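Asker: Single-letter residue listing:
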Amino acid sequence: MSELAFLGLADAAQLIRARKLSPVEYTRALLERIERLDSRYHAFIRVTPELAIAAARRAEQEIAAGSLRGPLHGVPFGLKDIIDVAGQPTTGHSKVGDNIATADAVVTARLKSAGGVLLGKLATHEFAIGGPSFDLPWPPAVNPWGGNHFPGGSSSGSGVALAAGMLPAALGTDTGGSVRNPASLCAITGMKPTYGRVSRRGVFPLAVSLDHVGPMTRSVRDNALLLQLLAGHDPEDPGSADVEVPDYAADLERGVKGLEIGLIRHFYAEDMQADPEQAQAIETAADVLRRLGASVREIRLVSLQEYATCSRIIIRCEAFAVHRRWLQQRPGDYGALARQRILDGATVSAADYIDALRLRGRLTRRTLEAFAGIDAALTVSGMDPPCPIDDAEACARMYPRQARQPFNVTGQPAIAIPAGFTASGLPLSLQLVGHPWQEATLYRIAHAYERATLWIDRRPPGL
Amino acid sequence: MDEERVREIAAAAGLDKLTDKQLTEFAAAIASGRALAEMLPKDLHWSEESALVFRLPMPARSAR
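Chains as they are written, first to last, in the working numbering: chain G, 12 to 474; chain B, 23 to 86.
The set of hints was computed from the structure by calculation and includes no laboratory data.
Certain hints may be false.
Unchecked claim - Some chain B residues well away from chain G (every beta-carbon gap over 12 Å; in silico):
#1 Asp24
#2 Ala34
#3 Glu60
Said to hold, decoys possible - With a Cα cut of at most 30 Å, we get these calculated DSS-like pairs of lysine-lysine:
#4 G:Lys106 x B:Lys64
#5 G:Lys106 x G:Lys31
#6 B:Lys39 x G:Lys106
#7 G:Lys123 x G:Lys106
Nothing here was measured: the structure is a model prediction, and the numbers come from that model.
All C-beta atoms, glycine included, are put in the ideal place defined by N, C-alpha and C.
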């Protein structure tokens with residue numbers, strides 16, 4: 012069972028193609044594992060076993076008939092529960108969000124049409140902003156790494172399900188770092204693609220001008236395969252861009268020799284002081300990349316605080332615009348954390364919101380200027396390893412201590428991958444940031460680093 | 023900020039169903055929003071506008 016639990020998407024696809032793995036048996040094995048483990052980890056809000064088995068049967072019949080749709084055909088996946096699935100509720104992990112979706116989100120439809128087997132809907136921070144919270148209809152997801160630790164968020168269920176071997180692929184969303192945060196704290200891989208790369212239609216918004224949907228997997232190769240299925244223009248998403256989608260796996264094996272990588276050290280050594288083990292993990296990663304043939308030199312961007320000001324004003328204003336009616340009518344149905352964070356947007360003036368948008372343009376220009384002459388940049392994702400989930404003060408302290416928001420502001424692609432473990436066995440991570448539309452370069456660097464370090468071969472204790 | 027003023031600001035935003043505890047949260051939100059706005063650079067100019075662009079659909083191609 013453990014072998015199937017931690018089977019990656021690419022390996023599963025290969026076994027299914029060779030008829031050595033039955034999609035139905037694979038799906039059953041993962042459903043049994045979810046049944047056994049999820050009362051401890053709370054990764055799922057809703058498991059849909061009948062639908063999953065039916066989808067797996069269809070896939071198996073199609074493949075037996077010689078019709079293979081691609082790498083996700085017959086492979087299970089999960090969706091953060093702000094992403095619509097026709098006929099199912101999209102709860103946002105909230106008492107407030109109880110609508111039944113009338114259609115699949117574009118990303119749901121894409122994964123279904125690729126033959127993927129949806130196992131269910133995954134836990135999130137309430138409406139992708141308030142968590143970890145204990146005053147919601149479902150408990151928060153718990154990190155399989157450590158005794159009872161925070162898994163990050165807001166795509167917390169996606170990170171936890173992957174780390175616990177409940178599925179090989181999941182989707183998250185990222186407005187201020189919500190794919191990369193759980194990826195970092197759960198020792199998995201999470202990509203925030205370029206703004207406009209993946210459609211958000213059918214995904215409950217947090218802040219439309221900063222929202223992204225991103226693939227979450229255990230390995231970099233799997234992530235590239237999943238993004239391949241998601242990427243593409245959607246004329247009905249006003250943020251979507253009509254830009255050619257390359258083959259993301261094509262350059263994975265090219266290595267990093269000759270690449271120029273910028274190291275953004277001031278984020279974690281000056282603007283904020285990262286946990287020493289986390290900071291050291293980045294320095295060590297820079298050395299690994301140098302040893303593999305990349306040139307790594309320090310670059311400077313604007314301070315983290317400026318990006319954070321811009322991002323926080325935009326998120327709060329746009330989120331309040333989404334939630335205003337509900338907050339006016341039923342404020343008590345929100346958890347305290349989400350309510351407080353969204354209420355922040357009620358008092359920011361329209362002029363300040365517009366100034367934040369102007370600041371976004373300025374920060375983006377300056378950041379892209381700093382990227383001239385490099386292929387990608389390396390820095391921290393978060394400043395800290397996971398804290399105990401029931402330590403509300405520690406979780407609140409961690410919340411703003413991150414370097415992910417800048418790249419929601421600029422829209423650049425950014426990937427978080429494992430970068431080692433603390434002395435006590437908790438995950439450390441790194442973040443790679445690319446030029447707009449250059450996700451393939453990030454996958455190439457991340458894959459080279461992953462192969463050189465093999466952090467992804469570690470399993471959470473007892474799993 | 024006194025409680026009455028917080029209630030007035032909440033009412034102006036249509037938030038007249040907040041409990042006393044939620045009004046305390048709202049008072050913190052007011053302070054947080056103001057602190058954030060204070061941190062914005064003071065030299066931002068309308069020529070830097072990048073987001074609020076209204077675009078009409080492109081004209082349909084003539085059938086002729």
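Asker: Are the hints correct? Go through all of them and say.
Answerer: Cross-check of the supplied hints:
no., hint, verdict
1, Asp24, "holds, 16 Å"
2, Ala34, "violated, 9 Å"
3, Glu60, "violated, 9 Å"
4, G:Lys106 x B:Lys64, "violated, 41 Å"
5, G:Lys106 x G:Lys31, "violated, 43 Å"
6, B:Lys39 x G:Lys106, "holds, 17 Å"
7, G:Lys123 x G:Lys106, "holds, 28 Å"
Hints 2, 3, 4, 5, counting from the list given before, are not met by this structure.
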